Amino acid sequence: MADKLKVKIMVVPTQGKSTTQTVELKKSGASLKEVLKAAGVSADNKDLLVNGQPATLDTHVGAKDKVEVKVQVSERPRGS
Amino acid sequence: MTSLNFSQQSGVFDRAAARPVTVIGAGSVGSQVVVQLAKIGVTGITVYDGDYVESHNIPMSAYRVGDLGRLKVAALEAIVLEQSDLRIAAVPRMFQRERLAGSVVACVDSMEARRLIWDQVKMNPNVDILVDTRTAAELISVFAVNPCDPEDIAYYEHFLYPSSQASRLMCGLHGIIYASAVAASAVCANLTNKWSQGRMRRHFQMLVGELESVGQ
Numbered sequence: 001m002a003d004k005l006k007v008k009i010m011v012v013p014t015q016g017k018s019t020t021q022t023v024e025l026k027k028s029g030a031s032l033k034e035v036l037k038a039a040g041v042s043a044d045n046k047d048l049l050v051n052g053q054p055a056t057l058d059t060h061v062g063a064k065d066k067v068e069v070k071v072q073v074s075e076r077p078r079g080s
Numbered sequence: 001m002t003s004l005n006f007s008q009q010s011g012v013f014d015r016a017a018a019r020p021v022t023v024i025g026a027g028s029v030g031s032q033v034v035v036q037l038a039k040i041g042v043t044g045i046t047v048y049d050g051d052y053v054e055s056h057n058i059p060m061s062a063y064r065v066g067d068l069g070r071l072k073v074a075a076l077e078a079i080v081l082e083q084s085d086l087r088i089a090a091v092p093r094m095f096q097r098e099r100l101a102g103s104v105v106a107c108v109d110s111m112e113a114r115r116l117i118w119d120q121v122k123m124n125p126n127v128d129i130l131v132d133t134r135t136a137a138e139l140i141s142v143f144a145v146n147p148c149d150p151e152d153i154a155y156y157e158h159f160l161y162p163s164s165q166a167s168r169l170m171c172g173l174h175g176i177i178y179a180s181a182v183a184a185s186a187v188c189a190n191l192t193n194k195w196s197q198g199r200m201r202r203h204f205q206m207l208v209g210e211l212e213s214v215g216q
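Which chain is which? The protein sequence lines are A and B, in order. Per the working numbering, the first sequence runs over residues 1 to 80. Per the working numbering, the second sequence runs over residues 1 to 216.
If you're looking for bench data, these hints aren't it; they were derived computationally from the structure. A hint or two may mislead.
[To be verified] Facing chain A, from chain B, some residues (calculated, C-beta under 10 Å):
| hint | residue |
| --- | --- |
| 1 | Ser28 |
| 2 | Arg134 |
| 3 | Ile140 |
| 4 | Pro150 |
| 5 | His158 |
| 6 | Ser163 |
| 7 | Gly175 |
| 8 | Gln205 |
| 9 | Leu207 |
Note that the coordinates shown come from a computational prediction; the quantities given were computed from them, not determined experimentally. Note that beta-carbon positions come from the ideal geometry of N, C-alpha and C, so glycine has one too.
All chains, full assembly: derive it from the sequences and hints.
Dropping the structure here:
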């Protein structure tokens, strides 16, 4: 198991460009809440995806060999 | 029926494959969905909306200046008849719990309305696809799900939170027509792909102003 967790986080706003940052944690796995806290990204009322799958703050984010973990934190549009 | 000449698109979409469509909500996205569907030759279109056209609706939608004060569905009925020689079924009230069949498009602006629609389509064998559009400023999010598919159900329900947990619609940041036009186009592409080839894109997101497709 890796002892370092590297996560690429994409933050999607309602306008402008998305931003991407990478955060590293010195552990092999963590909750999404821990990951976002370490990155300083707010998850309040946001849609969360981990590797394209719907996630919650309790979702476990684990490092797998040579597989980059991707998290998407997106605003929640509701108009139409 | 419609008298339009579809010769320029017949190799892209065979309108014989179309199913009846119910569009719930005739606002910015919904009005453009209906106009597009009519122009690609979909004939069985039903539209629900109980609102009237207000001045702030006109820049964001298919409505004309002369439609101000009219019921949205009545204005849309006239627009479609004029542009496509097609008469839609205009229902001048908000969707409640009517039975649904065919393809369903949700163009509503609250999560509670989406929940109401979902309650009518979930595990409904007469509905082949639900397309749900969501917009805020230049961000669009379009879901397309088979309401009888367990994976689609789980995915979609993950994103059915209350309005209080969605982005707040700030004055001046509701949306803009080029963003809602992309959402409307995504609806029509999902419907034609579903009808013709049985496929759809479960979740499409785009920051339209940056022409940036987002998602993993």
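Structure-based check of each hint:
no. : hint   : in the structure
1   : Ser28  : holds, 7 Å
2   : Arg134 : holds, 4 Å
3   : Ile140 : holds, 7 Å
4   : Pro150 : violated, 14 Å
5   : His158 : holds, 4 Å
6   : Ser163 : holds, 6 Å
7   : Gly175 : holds, 6 Å
8   : Gln205 : holds, 7 Å
9   : Leu207 : holds, 6 Å
Violated hint for the displayed structure: number 4, the only one.
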